[in-house]
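Asks: Line by line, the protein sequences are chains Z, P and V. Heads up: the first sequence is residues 1 to 287, going by this note's numbering. Heads up: the second sequence is residues 1 to 531, going by this note's numbering. Heads up: the third sequence is residues 1 to 307, going by this note's numbering.
Hints in this document: simulated from the structure, not taken from any laboratory. Certain hints may be false.
Stated by the list, open to error - Calculated lysine-lysine pairs in the PhoX-like style (CA-CA distance at most 25 Å, straight line):
no., chain 1, residue 1, chain 2, residue 2
1, P, K301, P, K399
2, P, K217, P, K75
3, P, K301, Z, K63
4, P, K103, P, K526
5, P, K399, P, K361
6, Z, K63, P, K392
Said to hold, decoys possible - Counterexamples of contact, computed for chain P against chain V with all Cβ distances above 12 Å:
no., residue
7, Q77
8, K116
9, S137
10, V143
11, Q178
12, D212
13, V269
14, S322
Small disclaimer: the values here were computed from a predicted structure and weren't measured. We put the beta carbon where it would ideally sit given N, CA and C, even for glycine.
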Amino acid sequence: MAAEAPATLAADTWQRFRRNRLALIGLVVVALLAVAAVGAPWLAPADPARQSLIEKRARPSEKFLLGADEFGRDILSRIIYGSRVALLVGLLSVAIALGLGLALGCLAGFAGGWLDVVIMRGVEILLAFPYLLLAIAVVSALGPGVLNTTIAVGIWGTPTVTRLVRGAVLAARDSEYVRAAQALGATPARVLTRHVLRNILPTVIVYSTLFMANAILVEAALSFLGLGVPPPTPSWGLMVSSGRDFLLVAPHIATIPGLAIMVAVLGFNLLGDGLRDALDPRLRGQV
Amino acid sequence: MTRARLAFGMVLAVVLAAPILLGPGGPAEAQKRGGTLTIVRPTDPVSLDPQLETTAPGAWVYFNMLEPLLTMDEKMQIRPALATGYEVLSPTKVRFKLRPGVKFHDGTPLNAAAVKFTFDRALRGNPPARWASLAGSLSGAEVVDDLTVDVTTREPYGPILRTLAMYCTGIVSPTAVQKMGEGFSRAPVGTGPFKFVEWKTNTHVILERNPDYWGDKALLDRVVFKVVPEEGARMIALQTGDADMVLLPAPAQLPALSRDPKYVIHEVVGGRVVFAGMNAATPPLDDVRVRTALLYAVDRKAILDNILEGSAVPARGVLAPSVFGFKDMQLDRLYPFDRAKAKALLAQAGWTPGPDGILQKGGQRLSLSWLAARGRYPKDGEITEAIQAMFKEVGVEAKVQFLEWATVFTQFRSASFNHQMFTLGWVTSNADADYSLYALFHSKQVPPTGWNTSRYANPKVDALVEQARRSMNQAEREKLYGETQDILAKEMVWIPVYNTKEIVVTRANVKGFTVHPVEYNLWLGKTWLDK
Amino acid sequence: MLTFIARRLVLAVPVLLGVVFVVMLTVELIPGDAVALMLGEHATPEAVARLRDYLGLDKPLLVRYVGYVGRVARGDLGRSIQQNRPVVDELADAWPATLELTCAALVISALAGVAAGVVSAVWPNSLFDGVARVGSLFGLSMPVFWTGLVLIVVFALWLPWLPVGGMGSLPHLVLPAVTLALPSLAMVARMTRSSVLEVLREDYVRTARAKGVAERLVVAKHALRNAAIPILTLLGLQAGQLMGGAVLTETVFSWPGLGRLMVKAIFARDYVLLQGAVLVFALAFVLINLAVDLAYGVLDPRIAHHG
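Between the sequences and the hints, there should be enough to build the whole structure, so can you do that?
Replies: What follows is the structure in structure tokens.
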């Protein structure tokens, strides 16, 4: 029975997911992003850092499919490479949030007592910061850069995961199934892996996808403010920022990267929404 | 030249210059009184007190409130301001006669004591004024009587008059300084045609007409200096009428504006050289071959054509042509753009390409740390990025850190500055080579004492600039400065990029404004609005 | 009811203290020689020692924390390193602008969002609903700073109807407020739609309809009141989002508020000012959440009694 359940769950999920057109669009977008990020060196028509000053601000043409920026760099190539930064920061920060959140949530749920109280108060305090503020505070202290941006975004996502995991741990601890397993001699570690994780997996998947969307937005915002990736690394947010001076003469420099951000975020949002609806419509209230 | 002849010569110069300078000149249009002039510029000042602020954001504002003893007109000639005449008593002492009946904005009288107070505060204050390091051998002032003051220097100082004409040596009201303490930095009191009204941080500074001004009273009622960091936004403000005057306009839009009769572009070749500086104290830039290779690697013409787009002229050395003592270093002949030559030189210096294309030697990558600001000088950020890319083409990696100007400035002035490259612009405020060559290249002028951020040290150059400073013989000084620049040309610690054109764009109804080669001298005393 | 309010207030205190602690910590993360760098040229040994003393960098963490809380309670947030002015003065200059902007944005997103959501729910799957749902998805995904730039290009450059930036008269407020409001508007619309739809399906509403009450009245009277709670909670959350977005919007539109001040402080390494600005934002957020919590209790007496 136990072996069958996951297969049926997955099949069920896929059925529901397939019927949701918007979710499919999201899936396609995310897949394209992944392809762009991984295949950047092969897909990009030009070196994203190579300048050709004489071709500055070129309009979209055969040579520069999406035009060139103020240094004559190919915008299309920079967009493609920019997906690397976006996805890298997104994935790594999700990993940090999940890792830290899992650890803290389990600690809070299993250990209980004052440790639980301390951790949950900590979560509340971190959640008390408006979304960009925490990231800004961390980055301004640590300094700009990809790594620090990732850490900042990851820390920002940790409280919600902690709450989720703790809730799941507490629920699992009280369930009949787990008590029976423990009576049979299962260690807390086994309880953890088999029941808690399996129970929260759907929620975590949905949350991670939606979190990616936000992570991309926050990274773009930080880069826009000059607190993220330093030049000449292509980051979509940085590209929008440097294009601001040319809104009158060459609006494409600022607007196209912004479109990329929007499409990427939209893709993850659609995918996340679709996953949530497919995995368990009842989850809608929780996540 | 005997002392007497020198004195006579100088007095004569002033007397002769006076009629030209005191009369307004230009077509006699019916000037109109009144109105508010709105000016947009990128940054807010750190302070409005020359004691704490010598850079343009503050100077643009206080230049109209605080006046020095002398001033320099648009042709870089000395003219009287608060002093009506002077007499050189000795190589280290000049006597000035002050203009009678001049009052500060707070009603107290201008007198020799105020001059002495200003100089003491600057030179002997704790800490001394930011402008003290720009004043050369100036040592102080002595009160002779109410309207006579003797200005003294530590040793014979050739550029003394031009130094006293600098924008930052404005005389302040001692009463106000003592009464306001720190508050003076945000609300200065001087003798100028405008006086302070209000400063809303990061938003605007407002000045209003001084009805008791000793000279031709200002024609405008008010001047508002607004902060608009983005170039594009400043231009839009001009076009919508939100602003009447734009400082640091967008080069890309100048051609279109010059064809439009609604706007006037005021431009003149300025006194500022913007450059990428190299820190010669730390490897690998202590090796002159590496530095030379970097100079070969930069296509200065491409930068000027495509980033500055006609808003600046190529730099011809470390000084601007309008400066006394300037010598054309012929950079295009000595260091033409030649990537092959750059690579060859670097190879000669022992650098070989590493696996990622960046050169390395003995396990060390040729990676330079670079500190720069954005928006302080026209296109400074873009130039930095462009040169960064050009370095990459010859295998040199540059990691740029962009910070706010105030922070960057502070780091440049610190003794522990450890970046290898930096972007800076230097204006010779008194149009005398001593001002630049001494402060920038004398080995003892490493910050915080002076401005030798490159930590350049050559005893021969030291001797030359010291001798030139002490000499009162202008021909001899010029020759010494020429030799200095010859030496510097062979051991460059700068990559000079451009010479500013001071460009100010105004709406066509702004009249009576002339742009000055020295960026800081933004004189609005004769400006009026034609409604 | 009073116990509910009192309980909530008491619970907020540790959060407030915690927020202050975290804000203080961010300054702690500064690398060691940053103090000297902050002072730069005027870094006489006495000045460095004074700043280290003020920041209390040599004392144990708890002592520093208590000292900081005490200073904050007295309203002493230190002096801005760059401007050498008390931080509270700098903040006082800037916060009205941010308040104006976020209030305007909140009003726009609340009114337009609720209205759109209600209309969507009353006529589900109509053209309006379809457009609104797609629009919301886009609104959620558009980066605030990009939206601002696009609006500038369209409404201030191509059609010169509105000014490009800066603060001034009402036209100056339009673009920044709309830009800031869009993501929240999208969320509020979505949430309103689903909440109202859910309520519309409930039995008693069907009963009310069977009695012949006009559909609009049904919606207005019952559905909206019951859906008010989740909507209100969302609005409270949005207040926080808006404050974060204000940083970006203020930068794009040169709006002289706290957000722009904060960004300048970061680049100037003016940690004292930055600390003050972050603190104000965070505390405001906590207080707004508290207010929403209390309003929640007032609106739904069940919460007050059990909550």
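Asks: All hints are to be evaluated individually against the structure, with a verdict given for each.
Replies: Hint-by-hint comparison with the structure:
1. Only pairs whose Cα atoms come within 25 Å are accepted, and K301/P paired with K399/P is accepted, the gap being roughly 23 Å.
2. Restraint check: the Cα-Cα separation between K217/P and K75/P comes to about 23 Å, which is no more than 25 Å; the hinted pair holds.
3. Our distance criterion of 25 Å between C-alpha atoms is met by K301/P and K63/Z, whose separation comes to about 24 Å.
4. Distance check on the hinted pair: K103/P and K526/P sit about 20 Å apart at the alpha-carbon level, within 25 Å; holds.
5. For the proposed pair K399/P and K361/P, the alpha carbon gap of about 18 Å is at most 25 Å, so the pair holds.
6. As the CA atoms of K63/Z and K392/P are separated by approximately 23 Å, the hinted pair is consistent with the 25 Å bound.
7. Even its closest Cβ contact with chain V, about 33 Å, leaves Q77/P beyond 12 Å, as expected for a residue assigned away from the interface.
8. With a cut of 12 Å on Cβ distances, K116/P stays outside the contact zone with chain V, its closest approach being about 24 Å.
9. Here S137/P stays apart from chain V, with its beta-carbon at least about 21 Å from theirs, past the 12 Å limit.
10. The beta carbon of V143/P sits about 30 Å from the closest Cβ of chain V, which is more than 12 Å, so the claim that it is off the interface holds.
11. Distance to chain V confirms Q178/P as a non-interface residue, since its nearest Cβ pair spans about 18 Å, more than 12 Å.
12. Taking the minimum C-beta to C-beta distance to chain V, about 30 Å, the non-interface status of D212/P holds against the 12 Å cut.
13. Every C-beta of chain V lies more than 12 Å from that of V269/P, the closest at about 31 Å, which supports listing it as non-interface.
14. The beta carbon of S322/P sits about 29 Å from the closest Cβ of chain V, which is more than 12 Å, so the claim that it is off the interface holds.
In summary, this structure violates none of the numbered hints.
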